[in-house]
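Top to bottom, those sequences are chains U and C.
Quick note: the first sequence uses full-length UniProt numbering, first residue 1, plus one each step.
Quick note: the second sequence uses full-length UniProt numbering, first residue 1, plus one each step.
Hints listed in this document are in silico derivations from the structure and should not be mistaken for laboratory results.
The reader is advised that the hints may include incorrect statements.
Which stretches of chain C does chain U cover? Using the computed rule of at least three CB atoms under 8 Å from a CB of chain U, they are [what the hints assert, rightly or not]:
| id | stretch |
| --- | --- |
| 1 | 457-465 |
| 2 | 525-534 |
With a straight-line Cα cutoff of 25 Å, these simulated DSS-like cross-link-like pairs (lysine-lysine) come out [claimed, not checked]:
| id | chain 1 | residue 1 | chain 2 | residue 2 |
| --- | --- | --- | --- | --- |
| 3 | C | K477 | U | K534 |
| 4 | C | K477 | U | K459 |
| 5 | U | K516 | C | K477 |
| 6 | C | K324 | C | K106 |
| 7 | U | K516 | U | K459 |
| 8 | U | K57 | U | K28 |
| 9 | U | K97 | U | K54 |
Between beta-carbon pairs, the in silico distance windows are [stated by the list, open to error]:
| id | chain 1 | residue 1 | chain 2 | residue 2 | range |
| --- | --- | --- | --- | --- | --- |
| 10 | C | P521 | U | N463 | 53 to 61 Å |
| 11 | U | T71 | C | E39 | 53 to 61 Å |
| 12 | C | G342 | U | I320 | 33 to 41 Å |
| 13 | C | R579 | U | R698 | 55 to 63 Å |
Note that CB positions come from ideal geometry on N, CA and C, so glycine has one too.
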Amino acid sequence: MEGAFIYGTTINDEEVVKDFRAFVTTHKVDKNEEDATYMKQLRKVWEQQEDKAKGIKFSVEGVHVHQFSPTLYDHLVSYPTEVVPIFDRELWSLSTKELDVEPEELGTCQVQIFNLLDKDCRIMRCMNPTDIERLIMVKGIVIRCSDLTPDMNAAIFRCTTEDCKNEVKIVLNHWTIEEPTKCEMCGASHSFQIIHNDCGFTDRQVLKLQETPELVPDGETPQNVAIVVFDDLVNQVRPGDRVQVTGIYRAAPVQQVRNWRMRSSVYRTYLDAIALEYSKAQRVEAAPNMDNYGLTQASQLPKLSDERDLDPMTFSEDEINWNKRMRELGQETDAEGNRTIIRKLIQSFAPSIFEEDEVKKGLLCQLFGGTPKPISSKGRCRPEINTLLCGDPSTAKSQLLQYSYKLAPRGIYTSGKGSSAVGLTASINKDPVTKELVLESGALVLSDRGLCCIDEFDKMDENARAILHEVMEQQTVSVAKSGIVCSLNARTAILASANPTDSVYNPKLSVVENIKLPKNLMTRFDLIWLMLDKRNRDTDHRLAMHLLSMYSEGGQAARVDPEVDAEAFRRYVTFARQWVFPTLSDEAAATLESSYMDLRNQGSREVITATPRILESLIRLSESLAKMELRETVRAADVHEAVRLLKAATYAAAVDPETGLIDWEQLIVGVSAGKRKRMKDLETLLQELMAERGEAMREDAVKAALNEKLGERKEQLLNDAEFSSALRAAEQAGVLRRHMKMIEPAGPLAS
Amino acid sequence: MAREISNPLGVIDELFARCTGDKPPSEWQEKAHFVKTLELENEENFARVPCLNDVLAEEIPPFSLVRYRCLVQDVFEPELYSMLLLDREAQRFVTTKYRETLPGGKDLQDLGRNGLGTRGAYYCVPLPGETPWAKAAAAAGRTAAASAGQSQARTKRSRDEDVDMADMEPAAEAAPQVSQKPRQKQAPVPTPARNSDSFGLNFPLPWEEDQRATACIVKLYDEDAESLRLCESIEILGVLCVDPSMANLGDAPSWPYDARSPSTALVPRLHGLVVRRLPFYHPALPFSPAFLSEARLAQAYQRGLGGLQQARSAAIGLLQQSLKDPLAAEYVLALLASRVYGHTSGMALGQWSLNISHWPEDTAKSLHGAVSQLVPLAAHLPLTAETLSGGRWKPRKDFEANRLVAGKLQLAPGTTVLLDEAQMAQGTLNEVGVRAAQALNSLVTDQTLQCDFNSYDVPIPLEVNCLFVSKGVSILKLADVVVPLQPQNVTTDMASVGAGLDAARFLLALITRQARPFSMPEEVTARFSEDFAQIRQEHQDVGQRTVHVWRSLARAVCLTHGEEVLSLERWNSVLAMERERLRRMTESGIQMA
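Produce the entire structure from the sequences given, and follow the hints as far as they go.
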């Protein structure tokens with residue numbers, strides 16, 4: 001083999017040069033491309049650089065190098081200190097040829113490698129001595145940036161011997177500059193002195209990178225690592241940015257001990273950055289998207305049969321095994337051939353909470369969510385299901401919230417009591433270090449594509465609630481402050497819990513009256529569950545027995561362990577959300593239509609039992625039910641189940657205390673249809689009465705006459721509140737006039 | 001003195017020199033050697049090793065073997081160090097394991113990547129809130145292994161006599177087991193080296209900083225290296241490194257500057273050979289869980305409880321003296337005897353918190369005093385708008401110094417925390433105060449310590465027993481059980497309390513050091529459920545949570561009576577306590593919901 005091996009390595013200089021040249025000049029990332037990818041890029045980069053003497057930065061994807069030659073890639077990551085300079089040099093000589101310019105006119109080329117293979121990505125806490133001097137990639141949040149410091153890249157030494165004054169330029173090599181020991185001109189040894197003014201310097205900055213929260217194991221604290229950046233990478237990022245750094249992991253002895261005989265054995269480790277990838281937008285997004293919905297085109301949605309989740313190119317063996325297990329879990333059937341997963345999930349969801357299986361099922365639907373629809377001209381239809389739990393204190397509402405929050409892929413838990421509008425949405429703050437304005441995401445933005453659990457919803461202040469309107473329908477949060485106007489995505493499902501205003505739920509009043517929440521906000525919840533503290537000796541007895549069965553210390557009364565453990569549960573939810581996108585079958589669509597019509601026609605003309613919003617809810621619920629079983633088509637059975645759930649949830653919440661019918665209007669307007677009908681009846685009666693008598697009457701006489709009429713119809717007699725509100729209504733309608741406790745008909749009556 | 005104690009590094013090097021081959025192993029059974037030679041399996045031998053908790057670091061010869069009982073206050077990033085070097089002259093490998101510096105005066109060749117090793121580094125502080133008697137007991141080196149088999153419910157004096165130590169001074173309060181002077185006896189002479197102003201020893205309870213206690217940076221190797229977690233109680237046996245030549249020479253290291261390399265005179269380094277975990281530490285049972293086998297404990301439990309009634313009444317008597325209320329005393333004792341003993345589907349079993357309301361005085365110091373007499377770890381934290389807003393409560397990461405600044409809530413597992421609201425008055429909480437209150441909330445209800453890492457909080461599991469004392473009902477409303485105090489004329493026989501005190505401590509140790517098994521026969525379960533259904537009809541505040549509280553309460557009361565099965569009779573007495581408590585609550589018009 002020709003060429004020399006680089007000292008201390010197994011790489012052959014010539015080989016690397018040859019391979020790299022071939023890579024740049026011939027490699028096509030996309031086979032159908034005409035030109036070699038990087039040749040094209042090289043020309044473009046030089047074109048954009050006006051001052052050719054300044055040189056260029058040239059980005060190269062590690063993955064492409066691997067595509068071209070695994071050996072070259074291997075050399076690159078194993079010996080970056082040697083190989084990267086070769087790349088730089090070769091790129092430069094390629095450039096001189098390509099541009100056909102004098103070598104003196106052309107500045108240096110710097111190759112910036114990024115996007116390495118997964119095997120070279122490190123989690124901070126897993127970096128170890130074998131990674132030293134290797135090219136690796138780490139992710140993290142920037143927590144501190146140092147001031148800029150000049151770093152010497154070339155030194156000028158001058159010989160101190162009289163009459164000699166020989167100057168030598170030493171360029172940085174292997175991150176050190178060695179002082180020449182002997183002067184070539186006069187032969188004196190150790191005669192050199194550094195001339196600081198003439199030395200070349202580059203900017204240098206030290207960043208501190210901390211692990212992102214999702215990478216920190218439970219019960220441990222995040223670690224951090226120092227990143228040294230040079231030149232154009234300086235001042236690129238600010239504290240709070242999420243970055244991905246490709247660089248060389250280095251260890252330098254701690255020069256803390258002055259005594260030369262004693263040297264500390266400890267090394268300081270840091271990463272010499274070669275490339276920084278970051279996105280300013282992520283400052284707000286806070287987390288990279290884990291579930292990649294193809295939102296723009298329906299055709300992009302993955303199918304389970306594609307087995308993209310089992311692709312060894314993108315997933316590690318461990319992940320693939322998990323995904324396989326998830327697929328199996330979803331397919332399991334009982335003796336009759338029915339899938340068992342939903343039952344298992346319900347059994348494993350919050351086992352410490354007694355019964356309430358319907359509520360649990362509803363919460364499961366929320367965890368899985370509907371199918372994201374492409375944004376079309378028809379507008380956007382949210383896939384997220386919003387849930388409200390309301391009812392008596394100490395009915396384990398908070399516990400249910402906690403369970404959902406822990407299982408959701410991106411769950412945020414907040415209490416309405418403490419959270420202001422700002423804490424929920426986003427705030428603009430001055431960073432204490434940089435003094436720059438920084439947009440900090442609140443709970444709703446942080447739980448984008450996740451679940452935002454709001455405890456004590458009723459205690460939230462008005463402003464904060466107003467924001468939820470936008471979030472729950474438009475799925476965005478708008479911020480306009482300090483000259484920053486922006487709209488942030490908050491595609492989050494909301495799970496709220498609320499206590500009744502009088503601390504105990506009053507069954508005689510409607511939900512709206514019980515929890516003083518704006519009605520229009522109420523209608524934005526797909527499911528509203530009433531959790532009443534029923535003090536019933538029988539159920540209480542069973543409740544105690546159930547809770548006690550959780551404590552099986554003595555070995556007897558063996559407790560029932562959840563069938564799906566927490567880890568598998570979490571993974572199952574994530575898996576289903578990432579890979580399953582159910583669509584409505586024709587049969588399901590037909591069922592949906594008829595069910596909706598049924599709901600709408602239920603009851604009398606006056607009672608609105610269903611609104612188009614409910615139709616949307618039904619679609620979402622049926623989709624989530626199919627998703628739970630990893631099915632890609634929604635069946636009629638799912639729709640039936642969705643209707644049943646909706647009824648189960650809303651029956652209690654929206655049932656009219658007087659008529660016993662489901663009444664959505666009550667939620668919307670707050671007054672039940674039954675009551676409204678009576679008010680209308682009273683008004684007509686009053687009108688009739690006025691028409692009959694045609695003269696002014698005393699108030700109590702009117703009341704007596706009305707009661708007489710009601711008595712004839714065998715209806716409930718008037719109470720004072722009803723009477724006065726009927727009078728007021730009639731007066732407003734122009735039917736009568738009130739004057740000094742006397743009531744007179746108002747002008748000619750329009751019948 | 002064994003060479004293993006006086007010159008452990010010499011022993012380690014000799015063992016290393018015996019290794020042959022091209023590349024020496026990273027481990028050469030040096031740990032096993034120490035365990036074997038010093039017979040550390042035997043608890044008494046373990047106790048003979050000088051302990052940094054009892055003696056000041058400067059009184060122990062540097063580079064000798066020491067013990068250290070501590071709380072992991074901060075977990076540093078694993079440290080990279082040159083583990084292996086080649087002595088060019090002798091053509092021999094040299095190890096730097098268990099050392100801070102490279103051996104001087106030799107021509108050493110760096111082996112590059114191959115010579116590097118990693119070790120775990122932890123900042124450790126003495127257990128916060130360790131009560132004086134517990135410190136003294138640990139210093140005396142009395143172990144229950146030696147004493148458990150002996151007489152029951154002994155007095156302090158008789159225990160001293162149990163310890164067979166040649167150099168023991170009779171009747172000394174803290175008998176020294178090595179030739180060093182016990183630190184408690186020393187006048188607190190401030191030495192410049194210990195002036196911690198510039199660095200701050202970072203003790204969770206600020207008032208403990210002036211007690212001349214030692215903080216250490218502990219370094220661990222091999223499979224122990226990265227095994228410790230924040231807020232673990234541990235005991236380390238290792239090589240003490242106090243090296244004057246490593247003192248900071250006045251110039252701060254270049255950025256990134258951090259507080260991770262303070263002078264060894266201020267914060268000694270300890271290179272660990274043996275690590276023992278001490279969850280729910282108790283000086284009477286200072287063993288790691290492996291040693292506390294079921295059989296051993298059952299034996300000690302049976303034997304130690306001969307004078308059980310005496311022990312129990314001593315504890316009740318002591319608490320009554322402060323509370324003047326037998327019912328409240330029962331509840332406090334039950335709290336002290338409780339601990340989390342299991343988890344099921346995300347819920348901790350056995351945990352509950354107590355609020356003594358209608359406290360007549362302006363401070364709960366007297367109650368703290370009584371509690372401190374009974375348990376080894378207790379902290380008294382006054383809660384007012386000012387202390388909440390002003391003090392450090394939750395640990396906070398200081399990114400400039402690169403360390404976790406300790407907060408008052410960063411305690412050792414099993415600590416009894418007395419949250420004193422007696423002086424709570426009108427006031428405004430600032431942002432810090434609100435955060436502190438939230439941190440307190442998650443500690444009391446979820447047993448997690450929230451550490452502030454700037455952009456987000458990191459939850460660390462931490463189990464502590466929380467006791468709120470307040471004039472009205474606790475403002476924070478976090479406690480599961482509220483006992484309105486009704487002081488009565490009770491007289492306590494202090495003589496019998498004194499006589500039974502040691503036994504009472506031992507009783508609590510046996511109950512809490514390791515979760516005792518406890519069971520409820522089916523008939524009692526049925527009865528329990530019936531009673532629950534009944535009382536729920538009568539009291540608004542009885543809900544789902546009550547079932548858990550009753551279960552934990554019954555367990556604790558039972559165990560303090562030395563019973564491991566809930567009898568119907570005992571259940572009735574627990575229920576009677578609850579009925580009385582609920583009656584008092586109705587009487588004082590307290591509604592929790």
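Contradicted hints - numbers only: 6
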